[in-house]
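**Q** Residue strings, one per chain:
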Amino acid sequence: MLISRGKQRFLTILTYVVLLGFSVYCLFPFLWMVVTSLKPDAEIRTVDPSFWISTPTFKHFDNVLNNSKFLTFFKNSLMIASITTVASLLISIFTGYALSRYGRFRGVKLFSVAMLLSQMIPGVLLLIPLYLVMKNLGLINTYASLILAYTTFTVPLCTFMMKSFFDSIPIEMEESAEIDGCTRVGIIFRILLPVSLPSLVATSLFAFLNAWNEFMFGFVFINDEAHRTLTPGISLFKGLYQTDWGSLMASSVLSVLPIVILFVFLQKFLVEGMTAGAVKG
Amino acid sequence: MKATKRMSALTAAVLLTTALSACGSSDDSTSKESTSTEGSTTTTKQETVKLDFWAALDPSTDEGKNIQAKVKEFDDAHADIDVNLQVISYDVMHDKLVAAINAGDTPDLSWGLSEWFGELNNMDALADLTPYVDKWADKGNIYPNVMEALTIDGKVKALPNYLGIRALLYHEDILKAAGLTEPPKTWDELIAAGATIKEKTGKEAFGIAGAGVRSPQELIMYLAQNGLTLADKQADGKYKNTWQDNPDQLAKAAEVFKFYQDLLSSKTIKADAKTWGWEEEDQNFVLAQYAMVVDGMWIEGRSSENPDGMKDVKVAAPPSKATPATFMEIAPLYVYKSEHPDQAWELASFLLGADYQQVVNPGKSARSDQQVDSGWGKDFMALAEQGVVFPAVSLGGITKAMEDSLARAMLKNDSPEDVAKWLSGAINDSLKKTGELSAS
Amino acid sequence: MRQLELERPTKIKRKFGMTLREKRIKRVAYLFVLPAVLFFLAMNAYPLVTVLWDSFQYKNLMNKALSGWAGLANYTEVIHNEYFRKALWNTVVWTVLSVAGEYVLGLISAFALNQKIKGRTVFRAIIIVPWVVPIVVAGLTWTWMLTPDYGIINLWLVKLHILDEPVYWLGELDTALLTVVFVNIWRSFPFFTISLLAGLQSVSRDIVEAAAIDGAGVRKRFFYIVLPQLKTVSLTMIFIHVIWTAINFDFIWVMTEGGPLYSSETLPIMIYRYAMQDYNFGNASALASLMLGFMMACFVIYYMMTVKKNRR
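Chains as they are written, first to last, in the UniProt record's numbering: chain R, 1 to 281; chain F, 1 to 440; chain Y, 1 to 312.
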């Protein structure tokens, strides 16, 4: 026994209190979003705001799903975020492996510092240069522009995550495989990746979330509704002189829910995946 | 042997990676080539011309739907023109335009705010519409003062999309409850009413926007009501703020800031109003949290969401000081330099045509032949001739300085004289930075 | 996860020259990083070089008459901006308070989630929610909830008699920045929670139990045994988040635009203003370069300190 029974009970109660407090803090704005999305217009902006809905309505959800291009935006975001995730994962697996195993080469080391520095550039500043790059590549208003940009933004962190996961795998495992005649790529895909599956999930979740939530580049690179992504799409409900709060919140709820569900299902991997890398750092 | 095998596998993997990351690009850029704006190549090759048109319409409103329907009508009627209408809110349109102009990749037409007029002109992005306007049959139907505001150095550089005239809106019931039969006509009456209304109803009399885009629009109105302009064109064709050269003007400007401070100290406005943006200002008025505001036509649209708070709202002329004046927002329709100005004009003149204006802009059209004779539209348009507009210079730095000057007066409690002096200097600094400051 | 790789001694050190095998491995290593390098060159290095170059040029879209080499003019202009110091200080306050708050909340929540209690999964899921809400949406919602007249937070605080009258949290000089910090903590602490929880789960129970047997109390066990084991992951998280928070733009822009009267203006906001409102890319680039310089300086200092410590 580490602690006495009385202390144990106190600790459990304290834990629940703390967790409940955190739940309120975390869910409060989200619940407000949900409640607002279910309120009729007349109840949304009042002098006496409350969580109580006297006449709940699905009007806003109907409006969002049937009268706006929400589903197109959703599909676009899903596609862009998925491709970004796969691309950054593939790139960062190799880069992370190189950083983990070949850190002794000066070029590799230099590149890892350069990637770290690239994290320090404020995104605002990249807007115009990247717009020019995209325009010169003829990519303005294409999915590719966003995929390229988001991949660039996520690769550094994904690489560092993958590196630390690989660090935690003993090199002996590879050496025996090498003796068996495995190629380097074979080693990575057949031996290392299966072992670090949770880490892969954690890394992909991170990349996916980043691409899913990005706003500014999504707006500036994309000119038409057919290619627009979710966050810029949602903000269209913020009108010129007034905001359609009901629809804004309904669309936010619809865009957040799938991700929440995804995270709930994959969270076991998330913590496990981070555990693998966390110890080593 | 082993090495070659390893290398080839590796190359394959790298290739796979690049292929995967590039696959999104290849199929997309080819199929959508025509969407990415008209560069220099397409005109000669293709028969149909594609026009990119960015509009800040709200697709969920009737107005937005009307606009989309009308533009589609135009599109269908012109076999040689393909209009690509994009909904982009004002919030982000500015940044998008700046990025696009920088990359030489502008749309053909766009909505915009009047605050960007000088900037876009300075960036040399706007087409010269003079030859078209001169030949245009409808030219005489546009208010002359509106057309003049969109003309720089004798060249027409934009068209009026719609007018946003500001008027005094008041909750009649609150005024009645305080025993007032009609809204105040002067600043002094307003402040006097403030005390009465606060005493009788517990609510504040007035609302202002102390921050955000709305605040300079209100400040320029109060300045104009005291006979002041932000910057005047000098003999050399450039601009200058003249307050500091002229003690009388400086004193008048100080009076304006004193007015703001008095509103605050006499509790005519809520204490929070000193940093309200337009959303807070509008929302609180719609909720009948205070009695009066100088605001635009769009407030009428709020009745659906707050029928109770809105049912007693009436329209009057804004209270003033020396001269009656109100802010008139001329939301411009910008036509950019492009390879096919004729088609762009075709669309632009359609958007300003009687038919389109009648359907889309009742009560806020810049056409004098499209006036409504009842309701809010009539009351607002009656104020058209006392409308003031921003000078046609780059306003980015100037509007920011105006916003700051209000914060200095109301948050930092600087003396009105100091604030007036500071603003005058800041306006000229900004003009100097953009190369528009007169040497005289 | 990342910061310590630099000081860790390379795994295999060979004193003698490169063998054939080593050369081959080197080629493989470079091939592996190639895709990332390509991305980096096109999308990071090129813009970065542009920024550095522009910072020494007169480049103002509004005033094309003035162009060419500017020397340090942009830098002096930026430093002499009335609000430069204010913005610098705000950036420090914003970063330090945000990261500190996130860490403390992350630590507490991670500990709570590490207890063996019922409903752990549910709580873990709930705590992730803020992290997946898009910043724009979160900013708009919080702004609304915090307004004085129709915001639910003020209403409740007044009803509960915590406040006498509603406070305009985002509109007062002395509360605006702190309020945005509060919301930023809300959004970012779950990332700390997950990482610290991961760290906690790998803390060896044997050591903790052994310490308990030796008579170490709960507090002692926490401070002397558990915390040191979290050191690496903590430092990494803090390091990453200091960078991310310092360059963060969205939250402040969505909620206050840097106001009122620059009281919540940080350096990225100022950069944005220079670039997108004044169109003065020279000044914007100079400020960005300065900021990059500051952060690199911090990075170097941190690096030197860890190296020194490790040597000791």
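Incorrect hints may appear among the rest.
Below are the EDC-like pairs computed for lysine to aspartate or glutamate, each with C-alpha atoms no more than 16 Å apart in a straight line [as the list claims (entries may be wrong)]: (1) F:LYS337 / F:GLU182; (2) F:LYS432 / F:GLU182; (3) F:LYS203 / F:ASP173; (4) F:LYS203 / Y:ASP149; (5) F:LYS321 / F:ASP188; (6) F:LYS233 / F:GLU182; (7) F:LYS155 / F:GLU199; (8) F:LYS311 / F:ASP91; (9) F:LYS412 / Y:GLU77; (10) F:LYS200 / F:ASP173; (11) F:LYS203 / Y:GLU77; (12) Y:LYS159 / R:ASP224; (13) F:LYS432 / F:ASP312; (14) R:LYS238 / F:ASP75; (15) F:LYS412 / Y:GLU172; (16) F:LYS432 / Y:GLU257; (17) F:LYS252 / F:ASP124; (18) F:LYS50 / F:ASP232; (19) R:LYS238 / F:ASP91; (20) Y:LYS64 / F:ASP124; (21) F:LYS50 / F:ASP91; (22) R:LYS69 / R:GLU175; (23) F:LYS72 / F:GLU279; (24) F:LYS400 / Y:ASP174; (25) F:LYS70 / F:ASP355; (26) F:LYS314 / F:ASP153; (27) Y:LYS86 / Y:GLU209; (28) F:LYS267 / F:GLU279; (29) F:LYS50 / R:ASP41; (30) F:LYS400 / Y:GLU165; (31) R:LYS59 / R:ASP41; (32) F:LYS267 / F:GLU199; (33) F:LYS258 / F:ASP414.
The calculated label-pair distances, taken between Cβ atoms and stated as ranges, are [what the hints assert, rightly or not]: (34) Y:LEU66 / F:ASP153: 32 to 40 Å; (35) Y:GLU82 / F:THR196: 18 to 26 Å; (36) R:VAL24 / Y:THR121: 53 to 61 Å; (37) Y:LEU41 / F:LYS238: 19 to 27 Å; (38) Y:THR76 / R:SER50: 48 to 56 Å; (39) Y:THR121 / R:THR46: 54 to 62 Å; (40) R:SER82 / Y:ALA100: 55 to 63 Å.
These are computed hints drawn from the structure, not numbers from a lab.
For clarity, every value in this text was computed on a predicted model and none was experimentally measured.
Just so you know, even glycine gets a beta-carbon here, dropped at the ideal spot from N, CA and C.
**Q** Going straight from one Cα to the other, do F:LYS233 and F:GLU182 come out at no more than 16 Å?
**A** violated, 39 Å
**Q** Are the Cα atoms of F:LYS50 and F:ASP91 separated by 16 Å or less?
**A** Since the Cα atoms of F:LYS50 and F:ASP91 sit roughly 25 Å apart, the hinted pair is violated (cutoff 16 Å).
**Q** Does the alpha-carbon distance linking F:LYS203 and Y:ASP149 stay inside the 16 Å limit?
**A** holds, 12 Å
**Q** For Y:GLU82 and F:THR196, compare the CB-CB distance with the range 18 to 26 Å and indicate the outcome.
**A** violated, 41 Å
**Q** So the hint says 32 to 40 Å: do the beta-carbon atoms of Y:LEU66 and F:ASP153 match that?
**A** violated, 21 Å
**Q** Taking 16 Å as the top limit, are the C-alpha atoms of F:LYS432 and F:ASP312 close enough?
**A** Outside the cut-off at roughly 48 Å; violated.
**Q** So if I understand the rule, the pair passes when the alpha-carbon distance is 16 Å or less; does F:LYS50 with R:ASP41 pass?
**A** Given that 16 Å is the threshold and the Cα spacing comes to 39 Å, the pair is violated.
**Q** Are the Cα positions of R:LYS69 and R:GLU175 separated by 16 Å at most?
**A** violated, 54 Å
**Q** Please work out if F:LYS203 and Y:GLU77 have their alpha carbons no farther apart than 16 Å.
**A** violated, 47 Å
**Q** Just to be careful, I want the Cα atoms of R:LYS59 and R:ASP41 compared with a cutoff of 16 Å; is the pair within it?
**A** With a Cα-Cα distance of about 9 Å, the restraint between R:LYS59 and R:ASP41 holds, given a limit of 16 Å.
**Q** CA of Y:LYS86 to CA of Y:GLU209, is that 16 Å or under?
**A** Violated, because 50 Å separates the two Cα atoms, which is more than 16 Å.
**Q** Would you mind confirming whether the straight-line C-alpha gap from F:LYS267 to F:GLU279 stays at or under 16 Å?
**A** violated, 20 Å
Hints 1, 2, 6, 7, 8, 9, 11, 12, 13, 14, 16, 17, 18, 21, 22, 23, 24, 26, 27, 28, 29, 30, 34, 35, 36, 37, 39 and 40, counting from the list given before, are not met by this structure.
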